[in-house]
Amino acid sequence: MTAAALPLVHAAPTFALELAYWQETLIKVGVLLAVIPFGALVLGYVYLLKMMSHMQSRLGPMEAGPHGVLQLVADGVKFLQKEDIFPERADRFVFAAAPMIVLLGTFLVYVVVPAGPNLVIADLDVGIFFALGVASISVIGVLMAGWASASKYSLLGGLRSAGQLVAYELPLIFAVVGVAMQAGTLSLQGIVAYQAEGAIFGFDAIGLPLIIPQFVGFALFMISAQAELTQTPFDMPVAESELVGGYHVEYTGFRFLLFFMGEFGTAFALSAIAATLFLGGWYVPGIDPGTTLANVVGPIALFLKTMIVAFFIFWARISFPRFREDQLQGFAWKWLVQIALANVLLTGLFMELF
Amino acid sequence: MTAITDRQQLAYIAGQAAEARVNVELETEGMLLNIGPQHPATHGTLRIVVQLDGEQVIAADPVCGYMHRGYEKLVEVRKYPQINTLVNRIDWLGHFANEVPFVLAAEQLMEIEAPERAQWIRTILFELSRIANIALFLGDMGVQLGALTPVFFAFRDREHVLNLMEAASGGRFHPNFNRIGGLKDDLPKGWIDETRQAMERIRRFCDELETLLMGNEIFEARTRGIGVIPPEIAQSYGLSGPNLRASGVDWDLRRDVPTPLAWQHVDWKVWTHPDGDSFARYWVRLQETREATRIVDQLLDGLPSGPIMAKVPRIIKVPEGEAWVSTENPLGEMGYYIVSKGDTGPFRVKIRSASFNNISILPWLLKGVYVPDIITILGSLYFILGDIDR
Amino acid sequence: MSSADTEQTAPDETEAAEEEAAPRDEAREALLAELTGLLGDAVVDSHIAPGRELWLRIDTAQWARAAEVLRQAGFTYFCFLSGIDWKPSPFGKSEGGSVAAPGAGEESGDTGAAADAEPEHGYTGGATRFQVFARLHSIKRGIGVILKADVPDDTLAVPSWTPVFAGANWHERETWEMFGIDFPGHPDLRNIYLPTEFEGHPLRKDFPLLSREVKPWPGIVDVEPMPEEEAGDAAAAEGAAEEGDTP
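Protein chains in written order, with this note's numbering: chain A, 5 to 358; chain B, 2 to 391; chain C, 371 to 617.
Since the hints were derived computationally from the structure, they do not count as laboratory data. There could be a bad hint or two in this list.
Chain C regions said to be covered by chain B (calculated; three or more residues, Cβ under 8 Å) [as the list claims (entries may be wrong)]:
id, stretch
1, 419-427
2, 497-504
3, 554-565
Cross-link-like lysine-lysine pairs, in silico, DSBU-like; alpha carbons within 30 Å at most [said to hold, decoys possible]:
id, chain 1, residue 1, chain 2, residue 2
4, B, K185, B, K312
5, B, K74, C, K457
6, A, K54, A, K86
7, B, K190, B, K342
8, B, K342, A, K338
9, B, K74, A, K156
10, B, K342, B, K185
11, B, K318, B, K185
12, C, K457, B, K318
13, C, K457, B, K342
14, B, K270, C, K457
15, B, K318, B, K74
16, B, K185, B, K74
17, A, K54, A, K82
18, A, K54, A, K156
19, B, K312, B, K270
20, B, K318, B, K342
Just the calculated beta-carbon pair ranges, DEER-fashion [said to hold, decoys possible]:
id, chain 1, residue 1, chain 2, residue 2, range
21, B, F174, A, Q342, 52 to 60 Å
22, B, D186, C, E583, 45 to 53 Å
23, B, L213, A, P303, 32 to 40 Å
24, B, G171, A, L63, 22 to 30 Å
25, B, E160, C, E404, 45 to 53 Å
26, C, P557, B, G55, 21 to 29 Å
27, A, D95, B, D62, 27 to 35 Å
28, B, R70, C, G407, 38 to 46 Å
29, A, L174, B, L213, 28 to 36 Å
30, C, E583, B, W192, 42 to 50 Å
31, B, D62, C, E583, 32 to 40 Å
32, C, P557, B, D257, 31 to 39 Å
33, C, D411, B, E160, 55 to 63 Å
34, C, P557, B, T86, 34 to 42 Å
All C-beta atoms, glycine included, are put in the ideal place defined by N, C-alpha and C.
Build the full structure now, drawing on both the sequences and the hints.
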């Protein structure tokens, strides 16, 4: 099974266009730079502004552009115009660096997410491992922000955030372990290929989306991702009603915008990873992964699947109250980790038995 | 008290004592955190200075007065009809309900009584202001706990009640509709039907919240056992209204104190909850909102006809004497102690507002809780800043 | 002992005691007898407004004991505590300089000057300029009582209720800053509303309401001058005052 997955990726068609290494790199960086704001804007508009408003029986922004589509752009411009304030006792260097580091983590996650048979910036063999690793970098940024702001609210937010992200890293990784075991690879392209080639008890029209055998893993991944993203019900680090914004309470203008983009960019990235791991990624049933068509349809398919996953993230965000810090920790260590371990064990057993 | 002792409140205090012992050994020092005066959880300008050990509160000291307007001094230089305008700014969400006890106290001293229809309409508007007030609490509690949606539902449905208030009195927030001896005007045409529809909406809103928020496990986890107030403590701090009833004390001024208002003519129930925690306070208020819609419906059915103004002198002079009248306002017992010297204005008015007493329990209640629970407790005690600072 | 005033017509009562036409209040009279028995000589004076309220004036020295006794007797609900300055205001109602202060012939301004204006006390009388009053309620019995105590002019101190009723804490702080009445036994008597550096005691009658002193109340210009004969009989019920009562 494992061996079968790999040739498919390497046998993927190549573009007729041959580019030099530096040209290719430039294009990749450009795409990356475009994808994050795009993802953040789309999620922010579709889910945060519109879906939330409509679920709360109100319209949401309607003035900027048709149906308010340009609202976030307008907000972004507004943020850029704002004064860049450093709190008086802030550690200026750390304070300025923190949002960059948060955003850096987000950028690096996208590196390994494949959008088509060829459309991947770097198809690392340890892809998923790399993605989850760099996603944790943002913790450092958040801690730096919390500490350097020289504000008690920020400090509490930063500490909460650190505790929470450490706690939920574990179930997040264990949730992925089941997928990796079944697919037999850590490479995201490999996992997509496994899902494309698989069959549900001989029925192979839609491949084998890993959400079916790994449903528990999917649920764990979504819950942990919710906590990683500090979205309600796990949003104590920002907790508007308690910490009035937590670690980013002292940030203004452009730097706040970076945090905002980091938050939504990471939401988009983790949704894309979930879509890749559990919903087949760029694979569309009926389109041969070996053709150029897959490179065209792939990004669209991935985008749609990502949006489906992100819908659940935001749905929960809108519906739930938030946990208390100790309840959250208890939930992670007493429940999620155990379930995740059991899931790994069961996956192993099934792989041996079938 | 025994039913509550084994609950989390005492566990907190015990835990905090143990914690304190450790701290003495390690000589760590707590962090002082200023919650407010500009903080979303204090709905206004209450400031709470908390001493924290990690996220646990060692001591809390509420600081009020940022919005103190000195009504007790201001009313001494005003005439009775003018005071009416002032007092409905005390609890600005329970607007109409603030006027009623003052007017009743003045009427009591003057020994006049408003006609029956006026008393019934007063009662209806009183209950409407209760709904307008508590509906906001019901939604806002969600925001305090991080659930964004309920508050929008609250604003949506509360709007209809405010519209009714506006249609009747001309003011959405500050109706100033009471007069000594009756009301300014009769109800406008079509008002009764619209009120019935609005009550229907409010009942739907209550059902919605019951499923959306109160049935939520996280909500229960955040509110059950948090901020437990035993009935004895509640009484000695003078807690009143839903806060007291949530501690299992079956006391409602609408029922238990003779009043010229129309509550005794309708069939309704006083809800209590034995737990005394934040969840109980939420639950009691939700039931009370439903009950208020029932009261309004019944009052609309039986609304008597007749004049809405008693015969009162053109220049209102209140005979010498002292009077104390309190009513069951949305936030709790609100009363006025009027001392008159036979003048056109009072000699002294003591305003007993519910939130002032309700909040005075905070230093006791916040000991040993975690920072997020401060917010839960503040939200569940439900105060209006104007009602504290007067 | 100014007992039940006879002209009282209580607004429609539901209690059985009030059903009879005679303005007597048996429940409150029984309560008064009971409390007098419990408190002994601590009760200086009392007053009953039938169907409305019971007032007790308590000996200042026994103020704290009275709270304890009443608490034992079932009056567990602390309603409020506040003070009152019985001295007529030297500033009148501050409605532009023309209105003379009732009873105060002296110039305004000097805070100690209006000393010749004797305080006129309300129900249950009094001997001092300041009084504190508080209300307790018994939820079980469904009846409340208002307690008053004189505040000695020299010490301005009344024993604190805070050890008995925790809720009295904030009310005593408020009374302390508003009237300057001291409460020995209070754990931390400091300002609750006013800034720490605030000078004076705003609710004392000789504390001018500065905004009115600086600028007379504008509302006064709209009011037609009050006819003397009409002012004389305030109880004259002429004209439904729907319009005319608000200047």
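Hints versus structure:
| no. | hint | result |
| --- | --- | --- |
| 1 | 419-427 | holds (count 5) |
| 2 | 497-504 | violated (count 1) |
| 3 | 554-565 | holds (count 5) |
| 4 | K185(B) to K312(B) | 13 Å, holds |
| 5 | K74(B) to K457(C) | 14 Å, holds |
| 6 | K54(A) to K86(A) | 25 Å, holds |
| 7 | K190(B) to K342(B) | 41 Å, violated |
| 8 | K342(B) to K338(A) | 69 Å, violated |
| 9 | K74(B) to K156(A) | 39 Å, violated |
| 10 | K342(B) to K185(B) | 26 Å, holds |
| 11 | K318(B) to K185(B) | 19 Å, holds |
| 12 | K457(C) to K318(B) | 20 Å, holds |
| 13 | K457(C) to K342(B) | 12 Å, holds |
| 14 | K270(B) to K457(C) | 46 Å, violated |
| 15 | K318(B) to K74(B) | 19 Å, holds |
| 16 | K185(B) to K74(B) | 26 Å, holds |
| 17 | K54(A) to K82(A) | 20 Å, holds |
| 18 | K54(A) to K156(A) | 33 Å, violated |
| 19 | K312(B) to K270(B) | 35 Å, violated |
| 20 | K318(B) to K342(B) | 9 Å, holds |
| 21 | F174(B) to Q342(A): 52 to 60 Å | 53 Å, holds |
| 22 | D186(B) to E583(C): 45 to 53 Å | 37 Å, violated |
| 23 | L213(B) to P303(A): 32 to 40 Å | 37 Å, holds |
| 24 | G171(B) to L63(A): 22 to 30 Å | 29 Å, holds |
| 25 | E160(B) to E404(C): 45 to 53 Å | 51 Å, holds |
| 26 | P557(C) to G55(B): 21 to 29 Å | 27 Å, holds |
| 27 | D95(A) to D62(B): 27 to 35 Å | 31 Å, holds |
| 28 | R70(B) to G407(C): 38 to 46 Å | 44 Å, holds |
| 29 | L174(A) to L213(B): 28 to 36 Å | 32 Å, holds |
| 30 | E583(C) to W192(B): 42 to 50 Å | 45 Å, holds |
| 31 | D62(B) to E583(C): 32 to 40 Å | 35 Å, holds |
| 32 | P557(C) to D257(B): 31 to 39 Å | 33 Å, holds |
| 33 | D411(C) to E160(B): 55 to 63 Å | 60 Å, holds |
| 34 | P557(C) to T86(B): 34 to 42 Å | 38 Å, holds |
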